[in-house]
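Once you have looked at the hints, place chain B on chain D.
Going line by line, the protein sequences match chains D and B.
For the first sequence, counting from 1, position 57 maps to 297 in our numbering; every step adds exactly one.
For the second sequence, counting from 1, position 23 maps to 3 in our numbering; every step adds exactly one.
Source of the hints: derived by calculation from the structure; they are not laboratory data.
Please note that the accuracy of each hint is not assured.
Claimed, not checked - With a cut-off of at most 27 Å between alpha-carbon atoms, the simulated BS3-like pairs for lysine-lysine come out as follows:
(1) D:Lys297 with D:Lys310
(2) D:Lys310 with D:Lys296
(3) D:Lys299 with B:Lys77
(4) D:Lys296 with B:Lys45
(5) D:Lys299 with D:Lys310
(6) B:Lys45 with B:Lys(-13)
(7) B:Lys(-13) with B:Lys77
(8) D:Lys310 with B:Lys77
(9) D:Lys297 with B:Lys45
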Amino acid sequence: TQLLEQSPQFLSIQEGENLTVYCNSSSVFSSLQWYRQEPGEGPVLLVTVVTGGEVKKLKRLTFQFGDARKDSSLHITAAQPGDTGLYLCAGAPAGNQFYFGTGTSLTVIP
Amino acid sequence: SAVISQKPSRDICQRGTSLTIQCQVDSQVTMMFWYRQQPGQSLTLIATANQGSEATYESGFVIDKFPISRPNLTFSTLTVSNMSPEDSSIYLCSVSKGNTEAFFGQGTRLTVV
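For reference, chain D alone in the conformation it holds in the complex:
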């Protein structure tokens, strides 16, 4: 059973469009992270959200942590081809072992 479910699994959009990726769990997390991974590389941290209801912005990316700290979303405004990649949410429910979401593969078409 996957601890963190992401939707959608695949997303292909035109440059300039907006999109939202969701990360849901039945478990409560003290924090959730979002990573982006490009082919041939390991995942790289984008942001960590800690407080329920927290909203963080990173240029065109907006991250939100659910009030109950069980879910999170990533919204990209005016997507660009450079945003193409695999987006992963992750959390450490106990200790320092990270469990990753099911992943969302994003393709932005020029």
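Below, chain B alone, put in the same frame as chain D:
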């Protein structure tokens, strides 16, 4: 932050053989983690490598198939034993600083033929 070097970066192996993947970190860390990732898919945690004790394996992974060494606080190895084509995957080494960020090596792309 942490810089992780992993090798080999890729390999093609015959079924029935074993491959040992090395992971070197630029700082001392208590725990190191090994993940498996099918191309385009998410990461699945294989095991946690603890220095001075046996590794802790996740459900579905066993020591006989994936023996792990952790001789010191900056190094670990993962062996994929008696390989079959189903073991073809990307294997990633990781460390964490607290529970707010994980750092990764570039991974080892394994193809079993």
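Results for each hint:
For the proposed pair Lys297 (chain D) and Lys310 (chain D), the alpha carbon gap of about 19 Å is at most 27 Å, so the pair holds. The hinted pair formed by Lys310 (chain D) and Lys296 (chain D) meets the criterion: a straight-line CA distance of about 17 Å does not exceed 27 Å. Between Lys299 (chain D) and Lys77 (chain B), the direct Cα distance comes to roughly 25 Å. Compliance with the 27 Å bound is thereby established for this hinted pair. Proximity of Lys296 (chain D) to Lys45 (chain B) is assessed by CA-CA distance (about 42 Å); at most 27 Å being required, the pair is judged violated.
For a cut-off of 27 Å, the pair hint linking Lys299 (chain D) to Lys310 (chain D) stands: about 25 Å separates their Cα positions. Distance hint between Lys45 (chain B) and Lys(-13) (chain B) is fulfilled; the C-alpha atoms sit about 19 Å from each other, no more than 27 Å. Between the alpha carbons of Lys(-13) (chain B) and Lys77 (chain B) the distance comes to roughly 22 Å, so the proposed pair stays at or under 27 Å and holds. This hinted pair checks out: Lys310 (chain D) and Lys77 (chain B) have alpha carbons roughly 22 Å apart, not beyond 27 Å.
Among the hinted pairs, Lys297 (chain D) with Lys45 (chain B) is inconsistent with the structure: their alpha-carbon atoms are about 43 Å apart, more than 27 Å.
Consistency note: the structure conflicts with the earlier hints numbered 4, 9.
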